[in-house]
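Please construct the entire structure, taking both the sequences and the accompanying hints into account.
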Amino acid sequence: MAAAPTRPVASMTTLLSAKGIHYRYPKQTDWALKGVDLGLSRGEALGLLGPNGSGKSTLINVLLGLRKPQGGSVSHSGERRPVIAWAPQDYAFYPRLTCRENLSFFVAMLDLPAGQARARIQQVERTCGLNEFADKLAVHCSGGMRRRLNIAIALLQQPDVLLLDEPTVGVDPQSRAFLLDQIRQLVQSGTAVLYATHYMEEVSTICDRILLLDHGQVLVGGDLRTLLKGADRAPAFENLEALFMHYTRRSLRD
Amino acid sequence: MTSRGLRQALHIALKEWRLLLRNPHGLAVLFLMPSAFILVMSFALKSTLTAVVDVPKTGWLLEDVGPVAKQWSQEWTNVHGGIRLQSRAQLEEALRHRQVLAGVIVRPDWLDVQGRPRADRIELWLSNRIQPAAASRLRAELGYSMLQVQMKTAAAAAGPFASVLLGEGSSADSPPAAGMPVIRYLYEIESGRAMTAVQQSVPAWLIFGMFFVVIPIAGVLTQERNDGTLARMATFGIAPGVVLGGKLLGFVLLNWIQLLLMLVVGRWVVPMLGGDALYLALPTGWFLLMVFATSVAAVGLALLIAARARSFDEAAALGGGLNVVLAALAGIMVPRPLMPPRMQVVSEWSPMGWALDGMQAVFLGAPDAVQVVPKAALLLGFAAICLWLSWGPVRRHERAE
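Just so you know, the protein sequences line up as chains A and B, in that order. Under this note's numbering, the first sequence has 98 at position 52, and the numbering climbs by one with no breaks. Under this note's numbering, the second sequence has 256 at position 218, and the numbering climbs by one with no breaks.
Do not rely on the hints blindly, as some may be mistaken.
As the list claims (entries may be wrong) - Per label pair, the in silico range of CB-to-CB distance:
#1 B:TRP294 / A:ALA160: 22 to 30 Å
#2 B:ALA366 / A:GLN162: 48 to 56 Å
#3 A:GLN220 / B:LEU70: 39 to 47 Å
#4 A:TYR71 / B:PHE330: 36 to 44 Å
Unchecked claim - Not everything, but these chain A residues come out facing chain B in the computed CB check (under 8 Å):
#5 LEU110
#6 LEU112
#7 ALA131
#8 PRO134
#9 PHE139
#10 ARG142
#11 GLU147
#12 PHE151
#13 ALA154
#14 ASP157
No lab work stands behind these hints, which were simulated from the structure alone. We treat Cβ as the ideally placed atom computed from N, Cα and C, and that holds for glycine.
The following block contains the structure:
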């Protein structure tokens, strides 16, 4: 396994926090997010869970600054704004460019000196296992390779905070295991990861804390082990899926 | 735009080029289609745009059996050529098989009681393929020829003295072609060179091809928007203006490559196939201004359509359809001289019309600022409005709204 981008040793400094986030889409009466609080610390992985339409992607967009909340605020600690990168659920790159051309294009958007840009491309190719397929058109890559490329583009920014929106959808078990390994290594190297997914076992594997959203509100959040043992008058749960179903009920969603 | 923004825009432009090189359909639309149009139209319009048109080969059917009609048709065929036919069915057959392009039927009682020819007793049948200018020439020649018959009849009635005044030899003959007045279009007078179809076709179809950048632009922009690539670019700190600027830069440069290809086709390929060569000694400053203004307007409109359309299919249908309508309106598909006067006025008020006016002034004549600058200004203003209207949707999508 290749080394993840270098980062200072992990500490539990809160890098990014959101307080009382309210967001409503234009021309909608219902709030997509209602008073959501969240904190992300260096070197931790926070699992963001919730049924479809619960507000996970909206919250990620707010944290990225792509959507301006009508209420609440997003803030950061420290002197400089943390670098926040995002791997969206869709393949947000150019299918008719090769993997390396995609990386070259996005690294050029960072306007780095040529040597530094080359080094970053080599680094993320190693980290995401793309060397072998670097000259392959993205459209001809497998689902797993595309997912890796999607994350590799985000890693070009050498982020302090990495927001991952369903990063393993549609990939085979081998690619999934590879991606989870990479994410774990990123966390160990100090990156704060927000991991939005429907796959409970992935969250159980890599996240220390979870935040469970539904109808734009936080149903429950905190240390995963504590929550599984049963906290705040809730019963103990056999696994994360049982916890999820307990809080979100069994009714079908969008 | 900052120097960082300029560098980012340059990389966006290079990315657009790279994507276009892997898009054979986009390349075909931008390069093959206008080249093919230039080749086809340079030959199709070869004789339409010239001032001198030959009298078409004519078939004569004499239903009037009098000697005057017989002599008239004989004198006509001596001067202009043509054949005698025996029935309307024969004439129809000759037209259908293109033995003749027109038919003159001299109906019974062609001469009135005073022996004067009557135009309403003449029927003119035209082939479906006859050029309008050739049909006009035929009508004019027939009118003139009948006037000569009338004068001869009057002279015969007046006796020998009138015959002397009219002159013996001139009474029957139509004036030879060498005796026709010299006809020159204004651009020929201004530039000192004859109008050719290739000189008309190259600027016209170049403009058409330039406006078709909507297809590759829409292909990439709708994908960027729908897959979240625009939003991702925002997280890399790319402003909407830089995205639009990069695309504008990439496709304006591409338009210059289109221009080079069209000039090569007009200058060397068309003559190789037997057509006229494009005259290339153009006024450089005005030429560059018009190409730049046309290019910016074309890319601006393409960006607007691509930014506002919900899908590539919508953008391609809207952009392609709009281009065809604008081209028809502007006189690119049907040259302006073939349009009725009101339509010619309407055709001056569209972006392609402004481009065509300015380009034709450059390609066909000796332009001055009055001919070129207002058209270039209109195109640049149009481009600015399009870019301004595109900025909002791109910004919204960069902000994932």
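Hint check results:
1. For the pair TRP294 (chain B) and ALA160 (chain A), the supplied restraint of 22 to 30 Å holds, since their beta-carbon distance comes to about 27 Å.
2. Here the CB-CB span from ALA366 (chain B) to GLN162 (chain A) is close to 53 Å, well matched to the stated 48 to 56 Å.
3. In this structure the hint that GLN220 (chain A) and LEU70 (chain B) lie 39 to 47 Å apart at CB holds, the actual value being about 45 Å.
4. Look at TYR71 (chain A) against PHE330 (chain B): about 42 Å separates their beta carbons, and that is inside 36 to 44 Å.
5. Below 8 Å, beta-carbon pairs count as interface contacts, and LEU110 (chain A) has one with chain B at about 6 Å; its hint therefore holds.
6. A hinted interface residue such as LEU112 (chain A) counts as satisfied when its beta carbon comes closer than 8 Å to some beta carbon of chain B; here the least separation is about 4 Å, so the hint holds.
7. Of the supplied interface hints, the one on ALA131 (chain A) holds, with its beta-carbon coming within about 7 Å of a beta-carbon of chain B, less than 8 Å.
8. Taken as an interface hint, PRO134 (chain A) checks out: its beta carbon lies about 4 Å from the nearest beta carbon of chain B, inside 8 Å.
9. For PHE139 (chain A), the suggested interface contact is upheld, since its CB lies about 6 Å from the closest CB of chain B, less than 8 Å.
10. The restraint placing ARG142 (chain A) at the interface with chain B holds, with a minimum CB-CB distance near 5 Å, inside the 8 Å limit.
11. Nearest Cβ of chain B to the Cβ of GLU147 (chain A): about 7 Å, under the 8 Å cut. The hint holds.
12. Checking PHE151 (chain A) against chain B by beta carbon gives a least distance of about 5 Å; that is within 8 Å, so the hint holds.
13. A cut of 8 Å between beta carbons decides the hint on ALA154 (chain A): the least distance to chain B is about 4 Å, and the hint holds.
14. Taken as an interface hint, ASP157 (chain A) checks out: its beta carbon lies about 5 Å from the nearest beta carbon of chain B, inside 8 Å.
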